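Chains as they are written, first to last, in this note's numbering: chain A, 79 to 544; chain B, 822 to 918.
Simulated from the structure, these hints should not be mistaken for laboratory data. From a predicted model like this one, the values you see are computed outputs, not experimental measurements. C-beta atoms are modelled at their ideal positions from N, C-alpha and C, and glycine is treated no differently. One should not assume that every hint holds.
[Stated by the list, open to error] Just some of the chain A residues that point at chain B, by a computed CB distance under 7 Å: (1) Phe323; (2) Ala382; (3) Tyr410; (4) Arg417; (5) Lys444.
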Amino acid sequence: MKLNLLTIAEARQRLDKGEISSLELTKDCLAAIKRLNKKLNACLAIDEAGALKAAKAADARLAKKESGALLGIPFLAKDNIMTKGLITTAASKMLGKYVAPYDATVIARLKKAGAVLLGKTNLDEFAHGASTEYSAFGPTKNPWDLTRVPGGSSGGSAAAVAADLCLFALGTDTGGSVRHPSALCGVVGLKPSYGLCSRFGLIAMTSSTDVPGILAKSSEDSALVLSEIEGHDEHDATSVYSKKFKAPKTANLKNLKIGLPKELASAKVSPAVRKEFERFKAELKKAGAKLIPLSLPSTDFALAAYYVITPSEISSNLGRFDGLRFGNSRAYFGAEVRRRIMLGTYCLSAGYYDAYYLRAQKVRTKVIEEYAQAFKRCDIILTPTTPAPAFKFGTNTKDPVKMYLEDYFLVPASLAGLPAISIPLSKKPLPIGVQLIAPALNEEKLLSVARACESLTIDRFSKANL
Amino acid sequence: MKISNKDIEHLAHLARLELTDKETNQYRREISGIVRYVDHLASANVDRQTATARLSKIDNVLRPDSVAPWDNDERAAALKQATRRSGKYISVPRVLE
Numbered sequence: 079m080k081l082n083l084l085t086i087a088e089a090r091q092r093l094d095k096g097e098i099s100s101l102e103l104t105k106d107c108l109a110a111i112k113r114l115n116k117k118l119n120a121c122l123a124i125d126e127a128g129a130l131k132a133a134k135a136a137d138a139r140l141a142k143k144e145s146g147a148l149l150g151i152p153f154l155a156k157d158n159i160m161t162k163g164l165i166t167t168a169a170s171k172m173l174g175k176y177v178a179p180y181d182a183t184v185i186a187r188l189k190k191a192g193a194v195l196l197g198k199t200n201l202d203e204f205a206h207g208a209s210t211e212y213s214a215f216g217p218t219k220n221p222w223d224l225t226r227v228p229g230g231s232s233g234g235s236a237a238a239v240a241a242d243l244c245l246f247a248l249g250t251d252t253g254g255s256v257r258h259p260s261a262l263c264g265v266v267g268l269k270p271s272y273g274l275c276s277r278f279g280l281i282a283m284t285s286s287t288d289v290p291g292i293l294a295k296s297s298e299d300s301a302l303v304l305s306e307i308e309g310h311d312e313h314d315a316t317s318v319y320s321k322k323f324k325a326p327k328t329a330n331l332k333n334l335k336i337g338l339p340k341e342l343a344s345a346k347v348s349p350a351v352r353k354e355f356e357r358f359k360a361e362l363k364k365a366g367a368k369l370i371p372l373s374l375p376s377t378d379f380a381l382a383a384y385y386v387i388t389p390s391e392i393s394s395n396l397g398r399f400d401g402l403r404f405g406n407s408r409a410y411f412g413a414e415v416r417r418r419i420m421l422g423t424y425c426l427s428a429g430y431y432d433a434y435y436l437r438a439q440k441v442r443t444k445v446i447e448e449y450a451q452a453f454k455r456c457d458i459i460l461t462p463t464t465p466a467p468a469f470k471f472g473t474n475t476k477d478p479v480k481m482y483l484e485d486y487f488l489v490p491a492s493l494a495g496l497p498a499i500s501i502p503l504s505k506k507p508l509p510i511g512v513q514l515i516a517p518a519l520n521e522e523k524l525l526s527v528a529r530a531c532e533s534l535t536i537d538r539f540s541k542a543n544l
Numbered sequence: 822m823k824i825s826n827k828d829i830e831h832l833a834h835l836a837r838l839e840l841t842d843k844e845t846n847q848y849r850r851e852i853s854g855i856v857r858y859v860d861h862l863a864s865a866n867v868d869r870q871t872a873t874a875r876l877s878k879i880d881n882v883l884r885p886d887s888v889a890p891w892d893n894d895e896r897a898a899a900l901k902q903a904t905r906r907s908g909k910y911i912s913v914p915r916v917l918e
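Working from the sequences, and respecting the hints, build out all of it.
See the structure below:
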């Protein structure tokens, strides 16, 4: 068996017993990347020399009987996360030759834990999109069907995990960018609570909702990665002090209260997603969970609020790309980036500020309050992750609003800063995901329930045929 | 609210973006479509709500006002990314005459 097919938990056991080395594990990942990346375009850069060196260093630590959840585990990072000495492009020609001078905090923590950085993954330019079609370096292909998008914006990371190019990958999630591609590629995507993981070294998009996220092969693996990257960072003033996260055991579904927003009934969802979601609800009931109907009336306004707040913050955050301190001139921005900058400039301009930006922020307050109320009645909230399985290339690029609607179920958790995870419900013919949302900073509950839910899914161990 | 080509040109100027005529037309169509979508915010009942700008429940983050040295190699690598330099400074065009 090729070692790149292992989960982190499986590799951990075998590394600790000395049955395999990090070098062997890393070489199998690098071989898989070499074999498949031309087909998938999931990786923008590979650091073979750096990875082999890090793997040898991890093996030396293992030989000294050192232990650690991620010691010797190879991973990939989305290319909008700073990695010292490596090109960090955000999939933009603007930063086509930009070499990161330092590591993002999440990267520094993973390196310290002995994880092995293999390279960087593709994304929509500056993480603006839901398909990776807006990457300046060509789209990533969905490993389950090469004529379809992997979702986005962390599409490269999701495709890489689905195709076993690595054991896990880092992404970023601003309004769904980890959860969306995870659902479309059949992997587990965790968006932690806002502030739990440092944003230092992430190329900023929407500072009030950006978070680093984790794409992995199981909820158990997501928890292992989270335990190494979470926690306060003095370099990020919005990072929170919270009690140390501990990877949880599997929850008991019996009598667990699962909230179902009644607004879902009228949401536009494809028959395939609807069918899988209903099947899953029935399974939950059979397992003894209590399904609680909820009302979250602002659901319909949340996406509109998000598409005011996000471009507004983008227009400000991307002001730094002036062609002086780093990067090229502003003529190098791609079409969607320019669209968002101008839209944000519009929403923030005198005369429109109250109607758009201020109003959107008020809707945001309402979303936060509605979720807080909802969690008084349930433990977890359940929604589909995406309205439909992966779409064909070009389906949504002509109509920006259609692309934005891909995030319909995902933006409320982002606006409210709540932890959320997408797990695959089924994978054939195309993967379909379900989203679980928990109260703020309650990752332990979220991941323990996700682990329990995984046992009710189908095709759990199926792999894309590549 | 109808958006004209002139509005788009003004937004592009504010955002320091240069557009061709074709792009101006395209962005007018696309941004009008997005604005039509977000316009339904007007029907949200939020008049009595306060606005949320940030999520962390932290008021002030204080630290001593002391100089923290930055790794020499990292500083050199950061400066190397600039378009024009003058010694250890980044050289920029004059803005005020």
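(request) Using Cβ atoms only, decide whether Phe323 of chain A comes closer than 7 Å to chain B, and label the hint accordingly. (result) Hint violated; Phe323 of chain A Cβ to chain B Cβ min 17 Å, cut 7 Å.
(message) Would the hint on Tyr410 of chain A be counted as holding, given a Cβ-Cβ threshold of 7 Å to chain B?
(response) violated, 11 Å
(request) Would you settle whether the hint for Lys444 of chain A is holds or violated, based on the nearest Cβ-Cβ distance to chain B being less than 7 Å? (result) holds, 6 Å
(request) Have a go at the Ala382 of chain A hint: is there a Cβ in chain B nearer than 7 Å to its own Cβ? (result) holds, 4 Å
(message) Restraint: Arg417 of chain A near chain B, CB-CB cut 7 Å. Satisfied or not?
(response) Hint holds; Arg417 of chain A Cβ to chain B Cβ min 6 Å, cut 7 Å.
Hints 1, 3 from the earlier list are contradicted by this structure; the remaining hints agree with it.
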